[in-house]
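Using the sequences and the hints given, assemble the complete structure.
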Amino acid sequence: MSLAEKYPQEIEKILAKYPPEHKRSAVMALLYMAMREGGYISKADKADIASMLDMTTTEVSSIVGFYSLFHDEKAGQYRLQVCTDIGCALKGADQYLADLCEKLDVKPGETTEDGLITIEEVKCLAACDKAPMFQVQSPEGIKYHEKMTVDTTLALIEELRKDAQEAK
Amino acid sequence: MTKDITLTIDGKEVSVPAGTLIPDAAKKIGIDIPVFCYHPKMEPVGMCRQCLVEIGRPAFDRTTGEAVLEEDGSPKINWGWKLETSCTNPVSEGMVVNTKSEKAVKGQNEMLEFQLLSHPLDCPVCDKGGECLLQDLTLAHGGTESRFNFDEKRHAEKKVALSDLIWLDRERCIQCGRCVRFQSEIVGEAVLGFEARGSHTQIMTTSEPGFDSAFSGNTTDICPVGALTTAQFRFGARPWEMEATASVCTECPVGCNTVLNTRRDVKTGGKVVVKRVMPRQNESVNETWICDKGRFTDFSADSRLTAPSIGWTDAIASAAQNLSAADEPIFVVDGSLPNEDLFNIKSLADEVGAKAYCYSEVGGGELTTKSGTYGKSGAGDAILVIGSDLYVDAPIFWLRAKQAVDRGATLIVATEEETRLDNFASTVVRDFAQGLEAAKEAFSKAENTVILYKGDDALAQSCADLNPTSLVGVWNDANTQGAWEMGYEAISDLDVLKGKTVYVAGKSALVASALEVAKFVVAQTAEDVQIAVSITEASGSKCVTLPSRNISESLGTFTSAERRVQLFHPAVPAEGDTLPGFVITAQVAEKMGVTLDIEAEDIFANFFDLSYADLSKTNPEEKLLIGGNCYENTQGVGVQL
Ligand code: SF4
Ligand code: SF4
Ligand code: FES
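Those protein sequences? They're chains P and S, same order as listed.
Heads up: take any position in the first sequence, counting from 1, add 328, and you land on the working numbering.
Heads up: take any position in the second sequence, counting from 1, add 2, and you land on the working numbering.
Under the rule of at most 20 angstroms between Cα atoms (straight-line distance), these lysine to aspartate or glutamate pairs were calculated in the EDC-like manner:
{"id": "1", "chain 1": "P", "residue 1": "K371", "chain 2": "S", "residue 2": "E197"}
{"id": "2", "chain 1": "P", "residue 1": "K451", "chain 2": "S", "residue 2": "E197"}
{"id": "3", "chain 1": "S", "residue 1": "K155", "chain 2": "P", "residue 2": "D413"}
{"id": "4", "chain 1": "P", "residue 1": "K402", "chain 2": "S", "residue 2": "E197"}
{"id": "5", "chain 1": "P", "residue 1": "K419", "chain 2": "P", "residue 2": "E449"}
{"id": "6", "chain 1": "P", "residue 1": "K431", "chain 2": "P", "residue 2": "E486"}
Computed spacing ranges between beta-carbons, pair by pair:
{"id": "7", "chain 1": "P", "residue 1": "K334", "chain 2": "S", "residue 2": "D34", "range": "50 to 60 angstroms"}
{"id": "8", "chain 1": "P", "residue 1": "S353", "chain 2": "S", "residue 2": "L626", "range": "31 to 41 angstroms"}
{"id": "9", "chain 1": "P", "residue 1": "K341", "chain 2": "S", "residue 2": "E112", "range": "45 to 55 angstroms"}
{"id": "10", "chain 1": "S", "residue 1": "E623", "chain 2": "P", "residue 2": "K341", "range": "48 to 58 angstroms"}
{"id": "11", "chain 1": "P", "residue 1": "L397", "chain 2": "S", "residue 2": "L123", "range": "32 to 42 angstroms"}
{"id": "12", "chain 1": "P", "residue 1": "Y346", "chain 2": "S", "residue 2": "T371", "range": "45 to 55 angstroms"}
{"id": "13", "chain 1": "P", "residue 1": "E401", "chain 2": "S", "residue 2": "G48", "range": "27 to 37 angstroms"}
{"id": "14", "chain 1": "P", "residue 1": "K341", "chain 2": "S", "residue 2": "T8", "range": "49 to 59 angstroms"}
{"id": "15", "chain 1": "S", "residue 1": "S201", "chain 2": "P", "residue 2": "E441", "range": "27 to 37 angstroms"}
{"id": "16", "chain 1": "P", "residue 1": "L397", "chain 2": "S", "residue 2": "S201", "range": "14 to 24 angstroms"}
{"id": "17", "chain 1": "S", "residue 1": "T371", "chain 2": "P", "residue 2": "K341", "range": "52 to 62 angstroms"}
{"id": "18", "chain 1": "S", "residue 1": "G67", "chain 2": "P", "residue 2": "Y368", "range": "56 to 66 angstroms"}
If you're looking for bench data, these hints aren't it; they were derived computationally from the structure.
C-beta: ideal position from N, C-alpha, C; glycine also.
This is the structure in structure tokens:
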């Protein structure tokens, strides 16, 4: 089911915020909606949003491609985004990431076997003083986790797994 | 009229209209500021930072508003503490610009070094090599050595087919955004975009099919590097090996000015062939663009007849004999012939008292010979497009209609099917009567009124009844208008040829149709005649074929649908023993006792109150609007009738 079919009222509310000749301004709000819905923005979502806003799919894809928090590929329910930029690297974030990946038996960019956790390597999250650190992006939003070790991370992942289990 | 602004660039004074951007003002006095992203036909974006200059502005006293003077009485100039991008700065009164000071040149050189950080420098195999802005500016501003670590160069995909026509090399792209802006700003089809950011920024399309636009080839001209190239010219030739000959597009009645780039080619056994078609600037017709239909015209014609099967002497004799023997010979042409061919055929027909028809599915020819040009419409003007999908029939007319809307014109579209112009129209109807009604209303309030129509005589008449400033027929061929100017009678079905002896000149399709009904056909064509021959055998009609030269081999003129007469020159040697169409007619005429001219220019002068020299005049200032590899028009912009 397309977004337009599933959330007609919510979409109408979003569109009402913008003058009709500038309705393309609603693109970010609709992209959030698509992210919330599936954890990523599918090709069908892009086409759907483009036609609602009189844009081309290329324009919509271009915006998706610009923001690192928009994703157009399916991944785990939680995206664990580790910063390995220079400041964090000096505090051992790159080693931390390598160790974590080994424990989880994934490479950066990959998803754990249960399909729950995707480990991503990202640039500056503006918290190098508390490195190693990462943020978790999920349908519930974004949360920072600072001064992490592999053990505290694994504990966190256990909790996320539990939450997911309960939610089911 | 906006007031002119006077400023000083590199010590030289120049006056330009308010709103002019610094690079254009500089160009006017022969100063070239290095630019990549800036293009004179698009809004500046300041993306590449290549155009850095020093800008000083006169100081004003804030309390009195008076200019502050130096001790010697000259105005005090405030210099910015850093370099500025000239392309994003409009001129202002008293401004002083240094484009060649030590500081400015250092800035420009350093920007160029950034451009080259990860550039692959594969000039030796790059289609753009030799006509590449990055090469030119590297020569002027580049260092001899890279200070960047070679191993850390960014790599990206080098062979991305954006469509069947256009290739992208992501490593060569310098992210200037010209292609993206061309598609969204100028064409209004935003089918190219940037993806990701920083050093990962790359061009992409998600349209289906990819790069879905009839104007895609133009991006390869304005791309300042070899990131966008055409599939057709891929590894085809080096730019400096090719000759450039002025021509006119044959694919539709817009009459876009082109250049045919030619070279000897090993694939054709060393023959000189057309390697590519490029736009030639004509601000009144195609500006600096051409459509993909025109750009990718196929000039190769392998199965062409290159000499009459029975030899020229016998062929001419047989043609003359049969025409003379017929009691009512008929002459039929189509709009693919140049004016010179049309004139000789019409003259011969008149001499022997025969009818001369021009085959056209679109009616109303005689009505269109009275009105002026379509021109550059804008605010206060109204345009009716009726019966034609301009995007397919005459793409550059489509682009001009779209741009007229950008400038404030009112557009009414009346077509049976949806078209890509609908998006830009203020009124869209799927019914002609309603379209005419809407136009009547809009025209009553408009200054200049234009109708572009495609339909039968009745539709043409209803359009003419609205009394537009310009009535333009969207013909099927490039020079159909030329035939009307010459007084050919229109014909839309070939029944009148039944059982007759007919002189047919034009496309092979016309020849084939004539062969199906006529008794004897004298066929003058530059196209493949294989189908014609097979029809002759099947229908039992008789035929003598007189192979003529095509446009790329000929000197001649076309009259566009807007009544602009334009000259084209021979770009490649004539194939085999083919002859110019007008010479063929003159030879047949001679055998029939009628003398006709055999020099293109003389024939032209017989009909038009003009000479080839008139058509060859140029507007040199226009070249300031070229940004990219579109050819400057040095061979003539033609004459509006
Ligand atoms: S492909 Fe060419 S025109 Fe487009 S952004 Fe890259 S360099 Fe510029
Ligand atoms: S618009 Fe017509 S004349 Fe111009 S390039 Fe295209 S086909 Fe040729
Ligand atoms: S040309 Fe001025 S910033 Fe690119």
